[in-house]
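*Asks:* Chains as they are written, first to last, in this note's numbering: chain H, 1122 to 1440; chain P, 3 to 215.
Calculated directly from the structure, the hints in this document are not laboratory data.
Careful, some of the hints might be misleading.
Claimed, not checked - Residues of chain P placed beyond 10 angstroms of chain H at every Cβ, according to the derived structure:
hint: 1; residue: D68
hint: 2; residue: L91
hint: 3; residue: S92
hint: 4; residue: S102
hint: 5; residue: L145
hint: 6; residue: A147
hint: 7; residue: K214
Stated by the list, open to error - List of simulated lysine to aspartate or glutamate pairs, DMTMM-like, C-alpha gap at most 20 angstroms:
hint: 8; chain 1: H; residue 1: K1432; chain 2: P; residue 2: D155
hint: 9; chain 1: H; residue 1: K1438; chain 2: P; residue 2: E196
hint: 10; chain 1: H; residue 1: K1394; chain 2: H; residue 2: D1374
hint: 11; chain 1: H; residue 1: K1265; chain 2: P; residue 2: D77
hint: 12; chain 1: H; residue 1: K1265; chain 2: P; residue 2: E168
hint: 13; chain 1: H; residue 1: K1265; chain 2: P; residue 2: D111
hint: 14; chain 1: H; residue 1: K1265; chain 2: P; residue 2: D149
hint: 15; chain 1: H; residue 1: K1439; chain 2: P; residue 2: E194
hint: 16; chain 1: H; residue 1: K1297; chain 2: P; residue 2: E168
hint: 17; chain 1: H; residue 1: K1432; chain 2: P; residue 2: E168
hint: 18; chain 1: H; residue 1: K1395; chain 2: P; residue 2: E196
hint: 19; chain 1: H; residue 1: K1438; chain 2: P; residue 2: E194
hint: 20; chain 1: H; residue 1: K1272; chain 2: P; residue 2: D195
hint: 21; chain 1: H; residue 1: K1432; chain 2: P; residue 2: E196
hint: 22; chain 1: H; residue 1: K1265; chain 2: P; residue 2: D195
hint: 23; chain 1: H; residue 1: K1297; chain 2: P; residue 2: D155
The beta-carbon is built from N, C-alpha and C at its ideal position, and this holds for glycine as well.
The chain contents come next:
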Amino acid sequence: MKTDWLKQMFAAWLATAAMLFTQTSIAQDAAAKPKIAVVISTMNNPWFVVLGETAKARAIELGYDATIFDSQNDTAKEAAHFENLIAGGFKAVLFNPTDANGSIANVEKAKAAGVPVFCIDREINSTNAATSQMLSDSYSGCVKLGQLFVKTVGKDGEYAELLGIVGDNNTWNRSKGFHSVVDRYPGLKMVAQQSGEFDRAKGLEVMESILQAHPDIKGVFCGNDSMAMGAYQALVTAGKDKDVKVFGFDGADDVVKSIAEGKIVATGMQFPKKMAQQSAEFADQYIKGKRDFAQKIAVPVEVVTKENVSKYGDYGKKP
Amino acid sequence: MERLTTWLVGIVITASVCCLFPLFHIVTLKTAAAEKAAATFNATQFAETFWTNQLPAVFGKAVNADALLPVIKSDTAAAKKKFSRSVGLSEGYFYFVSGSGRVVAVSDDEVLLAVTDGNTNAEVSLQTGLIFGNALRDGTGLLSANDYPNSQDFNDISAALNHLVETRVLPKLRERAKVGAKISFVGCAEVEDEATDLKPLKVIPFQTKTQKN
């Protein structure tokens, strides 16, 4: 009886010791892992969720403790994130900025604190603050979309444009790339150009008001896919989805599916996973000692249409 | 009296400090606009300087079409590796190419040339329609995105260079390009799809000259 009691005591002690050892090991392991911050302009858009989650996943794969910070398209929130991550001992930042000019100070602050920043997808207007910037070639992508727009909509008629956030360079690189083509055709008249702030609900709202003022438009060029989906929804409600050609930009899954279904004409595939993974690998290389990174790295954009849509999906090209 | 002196001394000190370190500057709207314009990147002006000063100096570095085309024909990958340049993570690439050939056909958007000895088929297509994209900006390797804080400025250079080609090169080329004429060229070719962009090689010309037979 006494032997049984002693055995039970010993087993309980062994189990407790094992548990304590495991917990201590896990805690030590987590504490030992260097931290990488993933600061994303907004997690209220599926495309950016993919960008942020992929960057985080790749950083974890590379042996880091990664945390996502959502700036909610607010430079003040973004600044607070930078204050926190610098104080929190993060070793690198994978950064999707909210504002090309407004975000520079945050990057400079991190640099001064010895924390390298790798911009993903969105640019800051500086060549010496970030360690590297991996940017979609929005301009070239929209040159191609502009050429397709003319081919699809024709060389005459009215059209509208939904711009993204006006403080973001991508907004203007996309718009300028598109206009570098369509403006060469005097018969194509832009009757409305308004910001839908890269947001689906705002895109819907803006498109509704454009349709009331300009019911005869033949096409709408949207600076991202969320706005394209919003615009398409407005067109369906107005019974004009068959008359107005919708063009997006991003390569979001719902738009790729809509292209396959013939609802949206085309989008520009930006490869967010590729950019996020590469940026995480850059951060890893920096932490391990590499210093010579190209400042601005263009990532090509591919046009997705009904003809080639089978090659694309899951925010990239199918293997 | 003593109080008045203290006040006067105080006023004089304050005025002196304000003169030395003014709290604000008055600038006319005209001057402010001029300062803003000076600080803004002028792509047209930049392209003009680039066109006149930098570009002609590197024409001699362009790969000769006589050397390039046979390699493209026999081993596209080897030609890409040896003679092309690419930007960022792009799978597409550029050739900075020169050469001369005989005009074999002319259409609204292109002048087709037979370039290599004994060949009568179109091997180079000089683009003569509307010029879009970044081939001229990126094809020579002289300009880099790393030098431009705002990519909008860098992209504006493309539009400005395209405009220069459309207004200064293409009108003369269209005028002189008759079937049988011999034309020399220096330009850039962008290859995105090897199946369509290489045969013939689509070149946007910086310069063309008609040669005597």
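*Asks:* Determine for every hint whether it applies to the structure shown.
*Replies:* For each hint, the structure was consulted:
| no. | hint | in the structure |
| --- | --- | --- |
| 1 | D68 | holds, 30 angstroms |
| 2 | L91 | violated, 5 angstroms |
| 3 | S92 | violated, 4 angstroms |
| 4 | S102 | holds, 30 angstroms |
| 5 | L145 | holds, 12 angstroms |
| 6 | A147 | violated, 4 angstroms |
| 7 | K214 | holds, 35 angstroms |
| 8 | H:K1432 - P:D155 | violated, 33 angstroms |
| 9 | H:K1438 - P:E196 | holds, 19 angstroms |
| 10 | H:K1394 - H:D1374 | holds, 13 angstroms |
| 11 | H:K1265 - P:D77 | violated, 28 angstroms |
| 12 | H:K1265 - P:E168 | holds, 19 angstroms |
| 13 | H:K1265 - P:D111 | holds, 17 angstroms |
| 14 | H:K1265 - P:D149 | violated, 25 angstroms |
| 15 | H:K1439 - P:E194 | holds, 19 angstroms |
| 16 | H:K1297 - P:E168 | holds, 18 angstroms |
| 17 | H:K1432 - P:E168 | violated, 35 angstroms |
| 18 | H:K1395 - P:E196 | violated, 23 angstroms |
| 19 | H:K1438 - P:E194 | holds, 16 angstroms |
| 20 | H:K1272 - P:D195 | holds, 19 angstroms |
| 21 | H:K1432 - P:E196 | holds, 18 angstroms |
| 22 | H:K1265 - P:D195 | holds, 13 angstroms |
| 23 | H:K1297 - P:D155 | holds, 11 angstroms |
Taken one by one, the earlier hints fail for this structure at numbers 2, 3, 6, 8, 11, 14, 17, 18, listed in ascending order.
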